[in-house]
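Just so you know, the protein sequences line up as chains A and B, in that order. So the first sequence is numbered by this note's numbering: it starts at 49 and just counts up by one. So the second sequence is numbered by this note's numbering: it starts at -7 and just counts up by one.
Just so you know, the hints here were simulated from the structure itself, not pulled from any lab data. Because the structure is a prediction, the values reported are computed rather than measured. Idealized CB from N, CA, C, for every residue including glycine. Among the clues, some could well be false.
[To be verified] When the alpha-carbon atoms are kept at most 20 Å apart in a straight line, the in silico SDA-like pairs for lysine to any residue are as follows:
no. : chain 1 : residue 1 : chain 2 : residue 2
1   : B       : K128      : A       : V328
2   : B       : K128      : A       : E229
3   : B       : K128      : A       : L111
[What the hints assert, rightly or not] Residues of chain B clear of chain A, computed beta-carbon distances all greater than 10 Å:
no. : residue
4   : W97
5   : V200
6   : A225
What follows is each chain in one-letter form.
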Amino acid sequence: MSGAYWARRAIQTLIILCVVVTLNFFLPRLLPGSPAEHFANDPRLSPEAKQEVLRQFGLDGPLHKQFAAYLRNLAKGDLGISFTYRRPVAQVIWSRIPWTLALTLSSFLVSLLLGVALGATAAWRRGGGLDTFLLSSAIVVSALPAFWIAMILTLLLAFTWPVFPAYGMSDPFIPIGWSWEFIGSVARHAVLPVVSMSIGSIVSYGILVRNSMVEVTGEDYVRTARSKGLTERTVLYRHAFRNALLPLVTRIGMSLAGLIGGTTIIETIFSWEGMGLLVVEASRSLDYPLMQGTMLIMAVVTVLANFAADMAYSMLDPRVKYR
Amino acid sequence: MNVLKRMWRLPRGRIGICITVAVVLVAVFAPLLAPYNPYDIDQRDARRMRPGRGHWLGTDAFGNDILSKLIYGARVSLIVGLCTGLAVTVVGTFMGILAGYTGGWVDTVIMRACDVIFVVPGLPLMILLANYLGTKFYMIIVIFTVLGWAGMARMIRSQVLSVRSRDFVAASRSIGASKWHIMAEHILVSVSPLMIVNGVLNAAGVMVAEAGLSFLGFGDPTAISWGKMLFEAQSGHALLFGAWWWVVPPGLAIFVTVFGFMMAGYALEEVLNPHIPRRQAFSAMRRQMRKFAAGRGTCATAAVAGGAAAGTGGSRQGGVTRG
């Protein structure tokens, strides 16, 4: 880990952020079906009203002036006003984030723990039953749409045998607040979404840890550790396992990137009112400021998470150099 | 022909070829095979019929025969999957060779563009683009290509970097061959196995992604597709009525088709790279798994999986990759 590497990665991240912000501004304005066109083609509006609406949403005037105004507002944390909610976009997004985090964080923890345990065990008994199961389920899981797994789980566990609620975020008869009753209700509602989200990622963490363990056990330092006469257990857990977890850091960084943006379909299936459902709603109702705002927040979180993962990796593995 | 023959000798090649040929035949001869024409409103029968005589898989909420929809649905999946696979392969290979062989600022620009595509959340961006560009199936192909070429370009580029310094390239350069001639004649040929295999795997991923997009209601509104059948099942409360025959067949159809493509891809890899030792024969599968483990399958897997694995998907890659 050198200062130069950090500096170059930081500059790169800044450039990507600038490109993302710029694209986020220009994309809706340049593509066919832009917000301006949407208003301008509405025959119900009088020309004066049209001008007024365009002015209110900052869609009049030359593009470079609009862009300057957009950047000024962005710097103040102002993402515009949502058409449908008639509230500031930032406020709408802010109210959705905790709900998405509740899903993604639980799924992240579940899949991390189970995945690492599964992968390490599979690598230990390489070629054994668990190993074969893990490898074949990786193929099955990548060929199956996650939302279909979610639907089947719902069909079985919410309707055929009604164990868990099929959709929603909490029981409507329980007042919202920090009561145990409410938290329990939310947890019950979260079971099916979290399980459907986790199946794929458990397998994917498992494969990652398994492959990395298998690779590491072929390394010289593992042979050295064995030849020192250490027990197999010590070799595996003190020497192999720790190094095998390195690739996991990158993977965790990518999961962090998906913490906010990765649950669109699952949230839609379970009517979970988080960020993913917000994107879908915004798109369906042509709420442009909201769409732009959600995309921006998701992209920025992804960029920063990738940067953080790279930094963490370079601290743990000093061999990493900027290529 | 030779390639097909050698694929046939491998078990997974045989599975892949059989499934792919079967699905293509079903798609081509859909009007002959389907007992009803699901596009013809005169052939509608009683609504929500259970599977039985006359309707082997029952009817949907509009009285359309599910089996016929399933058969016609193969067309959209195949067209979108194959066309996108082809387009991604062409664009990605071109960009990858250009970046890898030319180097310099061209390389920097192309690779930074890839970085940007990798950080934006896949599925939300697809929804956004589908909103602006419309959802005719050729637009879906354009959207998937715009988001999918980056992964291909990166992979091809790294291969080009290792090929460009080989002797035969140097020899060609020394007798005065132009840059474009070398890129088209020598580099393209040496990356073509990688290109073909990943093109096939990409097509598989795109089919999952297309299903995800249609499932959210952003598919081609005039075409019957497996994803849209699941969307209709969801919006028609199939789970509430316990109508498993609305849900299970389209999901299995997606699974079987994608699985067939993946198997064909892995067999192709083994056949096209005969010089790789047996031990490494699974390298495409392993690479795919590593990518899957790293949370970035094909654009498609990424997008949809994104949904699955805290945004499996994603980044894609297609992220729709689980996204």
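(message) Against the 20 Å threshold, does the CA-CA distance of K128 (chain B) and E229 (chain A) hold or violate the hint?
(response) Distance of about 47 Å is beyond 20 Å: violated.
(message) Hint check: K128 (chain B) vs V328 (chain A), CA-CA at most 20 Å. Holds or violated?
(response) Measuring from Cα to Cα gives roughly 18 Å; hence the hint holds.
(message) Would the hint linking K128 (chain B) and L111 (chain A) be met if the CA-CA limit is 20 Å?
(response) 29 Å, violated
(message) Confirm or reject: W97 (chain B) is not an interface residue toward chain A, with every Cβ-Cβ distance exceeding 10 Å.
(response) Non-interface label stands for W97 (chain B): nearest chain A Cβ at 14 Å, farther than 10 Å.
(message) Beyond 10 Å on every Cβ pair: is that true for V200 (chain B) relative to chain A?
(response) Answer for V200 (chain B): violated, closest chain A Cβ roughly 5 Å.
(message) Over 10 Å from every CB of chain A: does A225 (chain B) meet that, or does the non-interface label fail?
(response) Incorrect as stated: the minimum Cβ-Cβ distance to chain A is 7 Å, not above 10 Å.
In this structure, the earlier hints numbered 2, 3, 5, 6 are contradicted, and the remaining ones agree with it.
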